[in-house]
Amino acid sequence: MNSKQLRILKIFIFLAALIPLGRLVWKFYHDALGANPVEVITHSTGDWTMILILTTLSITPLRKLTKQYWLIGIRRMIGLFAFFYGCLHFTTYIWLDKSFDVHEMIKDVYKRPFITAGFTAFVLMIPLALTSTKGWIRRLGKNWQRLHWLIYISGIAAVIHYIWLVKADLREPLRYGSILSVLLIYRVVVWLRNSRKNPTPVALRGRSPEVTES
Amino acid sequence: MFIKKSSDIPSSEITSKSLYLNRRQLITGAAIVGAAAVAGVGLSEIGFPSRVAGANAKIDGLQKSPFSTSEKQTPYKDVTNYNNFYEFSTDKYEPAGLAKDFMTRPWTVTIDGLVKKKQQLDVDAIMKMSAPEERIYRHRCVEGWSIVVPWVGFSLSELIKRADPLPKAKFVEFTTLLDPKQMPGQRVSVLKWPYVEGLRMDEAMHPLALLCFGMYGEVLPNQDGAPLRIVVPWKYGFKSAKSIVRIRFTEEQPMNTWQLSAPNEYGFYSNVNPNVDHPRWSQAKERRLGELTKRPTLMFNGYDQVASLYSGMDLKKNF
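Each protein sequence line maps, in turn, to chains A and B.
With the numbering used here, letter number 194 in the first sequence gets 194, and the count goes up by one each step, no holes.
With the numbering used here, letter number 313 in the second sequence gets 313, and the count goes up by one each step, no holes.
Any given hint could be a false lead.
Unchecked claim - Under the rule of at most 27 Å between Cα atoms (straight-line distance), these lysine-lysine pairs were calculated in the DSS-like manner:
# : chain 1 : residue 1 : chain 2 : residue 2
1 : B       : K170      : B       : K117
2 : A       : K167      : B       : K117
3 : B       : K294      : A       : K167
4 : B       : K316      : B       : K77
5 : B       : K294      : A       : K98
Hints are computed from structural coordinates only; laboratory data are not their basis.
Chain A on its own, in the form it takes in the complex (with noise of 0.2 Å):
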């Protein structure tokens, strides 16, 4: 794929990662929202939040299995909208459930285990959008790698975050979860057999061609 191909996909990609809210805001407007409108918004931003997240995880091993490398190229681009849709879901909470109180939303956190995690994982994502640009990834070097593996945690942190405050139905969290566990494992197989086969940690090696774009 070329530079000008990839360009023209990434447009595609942008316009079609906005599909969710435009479908949201389109109903909002037409009353089609259903009887909970606050619910369905709130479960809608979290679902893709969660949905990107797999997703940009998904591009490591994608690139590699299919050799297909140019795919880096739109990893930071669903990187990003993830955490689009998690300010979108953070932002439902914070403005419908709690009307801006931050004493309360604070109180929510320290008391409500799901709540805790929810906002785990939203936090852990700040700092890996804020460090998205070219200028970041050059002036933290190896660093930025291990910065960027909280994205494990928060993905995890998110589907504890969805187990936890489902009533009873747990179906639709452990969806996520065993995908989220796949390429996790993925990730824990491919460090043990490097590890095995060079004593260097992974983390130290040369990785420069996953985080530029090229």
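With chain A's structure known, arrange chain B on it following the hints.
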């Protein structure tokens, strides 16, 4: 009480639906006569069987109730399209579609346990035991949302008095229909089926506790618990068992389904209480459907008249 068929059946459906209804009415009619004979109801009280029809049938002669709230009623389309009815689906938007063909006739309710006379009653005979009232109640779900619904029915005590429980009976247990063929949610074991709920006898005898077979002046839609359910407005919604097939009187406190599912989260009493949180979320506020921000939840959902039932009880322990 007369129930007449509404006239707004689309013309395209008339032939097939009327044929279907005829067949059903024949069965229902026979069942009513049979049940009425058992219950000792005179034929004159039965009404013409063809007047008993399916969903959207109006219920005439509704009496107003002093228990009704004057708060704004939740729109019909919300109450009928947003249902926690796990027998059909755990998705609240799905029961409306999945329950469309649910058969609510013929329908018998078994009355047993500690009663003088164990019996099987047809639902149409039960509906005729007392004059139907409209009761506009607040309804608070344990999940933190609430609605205002004009239910139709009469006090559950009317049925209990007729069932004539023995003095030993301390609790009433309600069982929902078990029929995985009709109720696809029961093919998944998210809860232990059939669904069981219970009330202490004095709670069940409280005039606010409603035996319900309609809402918005019409026969109860399938997704809202047709043909017969209870409504206990001072308790979280899951206490109000739907599509009831068995009412059993017991000496021991029944084990209700949600308590069985998560004993640390759901108790037997489950009274609406803003001061006792669900272990995972606060119960201090609720979102009334149709409102953007939350409103404070009221003790006993605003039904203070039941407070005396629990005097001396630690409601934090007996949650």
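To see whether the hints hold, each was checked on the structure:
1. K170/B with K117/B: Holds. K170/B to K117/B sits at ~17 Å (cutoff 27 Å).
2. K167/A with K117/B: Given that 27 Å is the threshold and the Cα spacing comes to 39 Å, the pair is violated.
3. K294/B with K167/A: This hinted pair holds, its Cα atoms lying about 21 Å apart.
4. K316/B with K77/B: violated (36 Å)
5. K294/B with K98/A: Holds, because 8 Å separates the two Cα atoms, which is no more than 27 Å.
Consistency note: the structure conflicts with the earlier hints numbered 2 and 4.
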